[in-house]
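Asker: Residue-level listing of the chains:
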Amino acid sequence: EAQVTQNPRYLITVTGKKLTVTCSQNMNHEYMSWYRQDPGLGLRQIYYSMNVEVTDKGDVPEGYKVSRKEKRNFPLILESPSPNQTSLYFCASSPSAGPRETQYFGPGTRLLVL
Amino acid sequence: AQKITQTQPGMFVQEKEAVTLDCTYDTSDPSYGLFWYKQPSSGEMIFLIYQGSYDQQNATEGRYSLNFQKARKSANLVISASQLGDSAMYFCAMREGASNFGNEKLTFGTGTRLTIIP
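Residue numbers (the working numbering), protein chains in the order written: chain A, 1 to 114; chain B, 1 to 118.
In short, the hints are calculated from the structure, not lab data.
Careful, some of the hints might be misleading.
Cross-link-like lysine to aspartate or glutamate pairs, in silico, EDC-like; alpha carbons within 20 Å at most [stated by the list, open to error]:
no.: 1; chain 1: B; residue 1: K3; chain 2: B; residue 2: E17
no.: 2; chain 1: A; residue 1: K69; chain 2: A; residue 2: D38
no.: 3; chain 1: B; residue 1: K3; chain 2: A; residue 2: E1
no.: 4; chain 1: A; residue 1: K69; chain 2: A; residue 2: E53
no.: 5; chain 1: B; residue 1: K3; chain 2: B; residue 2: D22
no.: 6; chain 1: B; residue 1: K3; chain 2: A; residue 2: D59
no.: 7; chain 1: B; residue 1: K3; chain 2: A; residue 2: E101
no.: 8; chain 1: A; residue 1: K69; chain 2: A; residue 2: E1
Label pairs and their in silico Cβ distance ranges [claimed, not checked]:
no.: 9; chain 1: A; residue 1: P83; chain 2: B; residue 2: Y54; range: 28 to 36 Å
no.: 10; chain 1: B; residue 1: Q56; chain 2: A; residue 2: G16; range: 53 to 61 Å
no.: 11; chain 1: B; residue 1: K73; chain 2: A; residue 2: V14; range: 43 to 51 Å
no.: 12; chain 1: B; residue 1: E44; chain 2: A; residue 2: E30; range: 40 to 48 Å
no.: 13; chain 1: B; residue 1: S41; chain 2: A; residue 2: V14; range: 22 to 30 Å
no.: 14; chain 1: B; residue 1: Q8; chain 2: A; residue 2: T13; range: 13 to 21 Å
no.: 15; chain 1: B; residue 1: N67; chain 2: A; residue 2: K65; range: 15 to 23 Å
no.: 16; chain 1: B; residue 1: K73; chain 2: A; residue 2: M27; range: 44 to 52 Å
no.: 17; chain 1: A; residue 1: D59; chain 2: B; residue 2: S80; range: 14 to 22 Å
no.: 18; chain 1: B; residue 1: K73; chain 2: A; residue 2: T20; range: 21 to 29 Å
no.: 19; chain 1: A; residue 1: D56; chain 2: B; residue 2: Y54; range: 36 to 44 Å
Okay, the calculated bits of chain A under chain B, using three or more residues with CB under 8 Å as the criterion [as the list claims (entries may be wrong)]:
no.: 20; region: 24 to 30
no.: 21; region: 62 to 76
no.: 22; region: 83 to 94
no.: 23; region: 97 to 105
Beta carbons are placed, not taken as given, at the ideal position from N, Cα and C, and that holds for glycine.
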């Protein structure tokens, strides 16, 4: 089944404790992206990747890191999480970066930083 | 200025009735895509339907259709014969081309919460 998977789905952590949210897609998509969703602010892009080893900042990259060593995987790293990073996180992928390409989303990761 | 505007924060619709969710957009790119996503209470984002800026016909996918009026910059989602399972948050989103070359990210509206009443 074609899908985007994320792990973990739910995470409660404490301030400063490094964490990684994994994202994997099995559709051979070139473009991958991370979004966060917050009440009243909608979905905002954190980072994106055009292809392996090609990543760049989105609208809200502060406090996050990413890497794209393999085409299928695009992990999101929070080196020192803070409470303002409590959010619902989505990974998404599309065949390429074109405006006509549909982005398919993972199931989401709910993160609570205490 | 908002790139995607959804003016209906919430809607209540009787089961089996048709419902229209409004979406207007703002772009100067000639090439763009418009997308609708459904977010049920469980949280996942489910792709529903896509309309390209150069498409001559309105998109349809089962019970979903998109009323695309390019001159008015509107892309309203129409759900026919609504079902209880349609209760969810609905987001309109746009992916622009030339002005975002290299990162054609999705820009989302604030969403409409649709509740279907039995």
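Asker: Run every hint past the structure and note whether it holds.
Answerer: Structure-based check of each hint:
1. K3(B) x E17(B): 30 Å, violated
2. K69(A) x D38(A): 29 Å, violated
3. K3(B) x E1(A): Roughly 34 Å between the alpha carbons, so the hint for K3(B) and E1(A) is violated.
4. K69(A) x E53(A): 6 Å, holds
5. K3(B) x D22(B): Since the Cα atoms of K3(B) and D22(B) sit roughly 14 Å apart, the hinted pair holds (cutoff 20 Å).
6. K3(B) x D59(A): 14 Å, holds
7. K3(B) x E101(A): 18 Å, holds
8. K69(A) x E1(A): 23 Å, violated
9. P83(A) x Y54(B): 28 to 36 Å: Given a distance of about 45 Å, which is not inside 28 to 36 Å, the answer is violated.
10. Q56(B) x G16(A): 53 to 61 Å: Given about 55 Å between the Cβ atoms, the range holds.
11. K73(B) x V14(A): 43 to 51 Å: 46 Å, holds
12. E44(B) x E30(A): 40 to 48 Å: For E30(A) against E44(B), whose Cβ atoms are near 23 Å apart, the range 40 to 48 Å is violated.
13. S41(B) x V14(A): 22 to 30 Å: Distance hint for S41(B), V14(A) holds at roughly 28 Å.
14. Q8(B) x T13(A): 13 to 21 Å: Given range 13 to 21 Å: violated, Cβ gap about 36 Å.
15. N67(B) x K65(A): 15 to 23 Å: Between N67(B) and K65(A), where Cβ atoms are some 42 Å apart, the hint is violated.
16. K73(B) x M27(A): 44 to 52 Å: Roughly 31 Å apart at Cβ, these two residues miss the hinted range, so it is violated.
17. D59(A) x S80(B): 14 to 22 Å: 35 Å, violated
18. K73(B) x T20(A): 21 to 29 Å: Distance hint for K73(B), T20(A) is violated at roughly 40 Å.
19. D56(A) x Y54(B): 36 to 44 Å: Violated - the Cβ-Cβ distance for D56(A) and Y54(B), about 27 Å, lies outside 36 to 44 Å.
20. 24 to 30: As far as the region 24 to 30 of chain A goes, the hint is violated, because 0 residues have Cβ atoms under 8 Å from chain B.
21. 62 to 76: violated (count 0)
22. 83 to 94: As far as the region 83 to 94 of chain A goes, the hint holds, because 3 residues have Cβ atoms under 8 Å from chain B.
23. 97 to 105: Three-residue rule met by the region 97 to 105 of chain A, so holds; n is 9.
Checked against the numbered hints above, the structure breaks hints 1, 2, 3, 8, 9, 12, 14, 15, 16, 17, 18, 19, 20 and 21 and satisfies the rest.
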